[in-house]
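Novice: Here is how the chains run, residue by residue.
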Amino acid sequence: MNNLCADIGYMSLNHVGEELCGDRVDVVEENDNSFVIVLADGLGSGVKANILSTLTSKMLSTMLSQGIPVEDCVETVAATLPICSVRKVAYSTFTIIHIINNEEAELIQYDNPAVILLRNGKNYEYPSTETVVGGKKIYRSRIKLMENDIFIAMSDGCIHAGVGMSLNFGWERKDIIEFMETIADVGYTAKTLSTMLLEECNRLYENKPGDDTTVCTVRIRKRCPMNLLFGPPSNRADGDRMMSLFFAKEGKHIVCGGTTSTIAAKYLGKTLKPQLLSPDPEIPPIAELEGVDLVTEGVITINKVLEYARDYLADNHSYTHWSFKRDGASLIARLLFEEATDINFFVGRAINPAHQNPDLPINFSIKMQLVTGLSECLTKMGKRVKVIYF
Amino acid sequence: MKITVCIGSSCHLKGSRQVTEQLQYLISHNNLKDKIELAGTFCMGNCQNGVCVTLDDKLYSLTPENTTEFFEKEVLPHV
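Chain order of the listed sequences is D and G. Count the first sequence with the numbering used here and you get residues 1 to 390, in order. Count the second sequence with the numbering used here and you get residues 1001 to 1079, in order.
Hint data in this document are derived by calculation from the structure and do not stem from the laboratory. Where is the CB? At the ideal position from N, CA and C, for every residue including glycine. There could be a bad hint or two in this list.
Said to hold, decoys possible - Using C-beta positions, here's what the derived DEER-type ranges look like:
(1) G:N1046 <-> D:A314: 36 to 46 angstroms
(2) G:Q1048 <-> D:N235: 38 to 48 angstroms
(3) D:N235 <-> G:D1056: 31 to 41 angstroms
(4) D:K174 <-> G:Y1025: 29 to 39 angstroms
(5) D:G251 <-> G:Q1048: 29 to 39 angstroms
(6) G:P1064 <-> D:S365: 20 to 30 angstroms
(7) D:A314 <-> G:N1049: 56 to 66 angstroms
(8) G:L1032 <-> D:K380: 46 to 56 angstroms
(9) D:R203 <-> G:Y1060: 24 to 34 angstroms
(10) G:N1049 <-> D:E181: 41 to 51 angstroms
Claimed, not checked - Result set (DSSO-like, lysine-lysine): computed pairs, CA atoms no more than 30 angstroms apart in a straight line:
(11) G:K1073 <-> D:K325
(12) D:K144 <-> D:K122
(13) G:K1035 <-> G:K1058
(14) D:K249 <-> D:K58
(15) D:K380 <-> D:K249
(16) D:K380 <-> D:K58
(17) D:K58 <-> D:K266
(18) D:K58 <-> D:K222
(19) D:K270 <-> D:K48
(20) G:K1058 <-> D:K266
(21) D:K252 <-> D:K174
(22) D:K383 <-> G:K1035
(23) D:K136 <-> D:K58
(24) D:K252 <-> D:K273
(25) D:K252 <-> D:K325
(26) D:K380 <-> G:K1058
(27) G:K1035 <-> D:K270
(28) D:K270 <-> G:K1033
(29) G:K1002 <-> D:K266
(30) D:K58 <-> D:K48
(31) D:K137 <-> D:K174
(32) D:K208 <-> D:K222
(33) D:K144 <-> D:K383
(34) D:K222 <-> D:K325
(35) D:K252 <-> D:K136
(36) G:K1058 <-> D:K136
(37) D:K325 <-> D:K249
(38) D:K273 <-> G:K1073
(39) D:K122 <-> D:K270
(40) G:K1035 <-> G:K1073
Chain D on its own, in the form it takes in the complex (with noise of 0.2 angstroms):
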């Protein structure tokens, strides 16, 4: 066992006109420390390729998770795909990457364009063995994982973004290592990573792409604990009890809400100092307090920072806004969907009448929706949540 652990996103542009992708990822868990990830193109664009890409994203991860030797697995899906009644092939292009352990990575590639690897930010050139299923050539590597790995997945879409448009070729996979190269050590989440590549290729699609186009990234990185709080507990003689367990824990300490901020400076035995003016008008300001990472306002911001959350699980859109401001709920999203990857909410249900105004969009049943809203989405970028009430 090791301390490490990986991050997957991924984001699809779909053929212009085309409601449905034919590209499709599917990722899934085998346990705590496993992962089969398969990205998958299916011939031509829309219900047809959706479909083929559908199954043999679906049944390659769900095989192979369940330890079916490779070469079977191709060829149960090569049984079972439908056959196009217009080009009378069946065909659906894939890319396996089979996180081991945390240990090791498991490439199996067949037609797609070539993983590509970035090795402490530079491009890994990652030995192949060739051999042929069914009549199919697929490309099997076994690679040694270390912190910093970024392992690229992409459909054909990517490669040939711009081809007739804005390139004569399209930009090739070397183009693509050259661009991801200069924002690999950032820090960027996978996620954000595959957003910032497919906005590219939709840069030289001229928004029109010519393809669907996928990207699927995979971040070996440290295990980074981070500890939120947030309200102060409903018994007010639990205040100790709960300050003592939450700055026990390891990792970074955030603390949000104005009376639960009093509360853990006058534990710490420190004054607080709030900022004066936010640099963001909507959200309040934040504060300084020795020992504690960040000091926000409560509601407010974490309502800001749910919204982020969604927004990051769908289109990924506002990443643009939380991942360079100083405001307290872009602060937060940087630490929990960047820096985090285990979380522990310590969550306090005391009633704050003066928040009990209807006038006032901050009651208590609306602060308990976030925590459980924000902790599913947090769960849902595969970080480990856990969520304890006062």
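Given chain D, put chain G in place with the hints provided.
Specialist: Just chain G, lined up with the frame of chain D:
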């Protein structure tokens, strides 16, 4: 002289940012930067009457609309 403005959730929603900005403007407009200290604080426990502002230790309840009046009546004569 110290003016403290609450920047907690309730007061934020009731306009504490505008109150702070107006006070900042009024202080620099009257050249009182070295006489008046302007600070923020989290919840003062008096949310119903926000925006909560203390002038030294006296509590006031302001709105963005009456901030100038407060400054002229309560602050200027006592500087």
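Novice: Hint by hint, where does the structure go against what was stated? Just the numbers, ascending.
Specialist: When the structure is compared with the hints, numbers 2, 4, 7, 9, 10, 11, 14, 17, 19, 21, 22, 26, 32, 35, 36 and 39 turn out to be violated.
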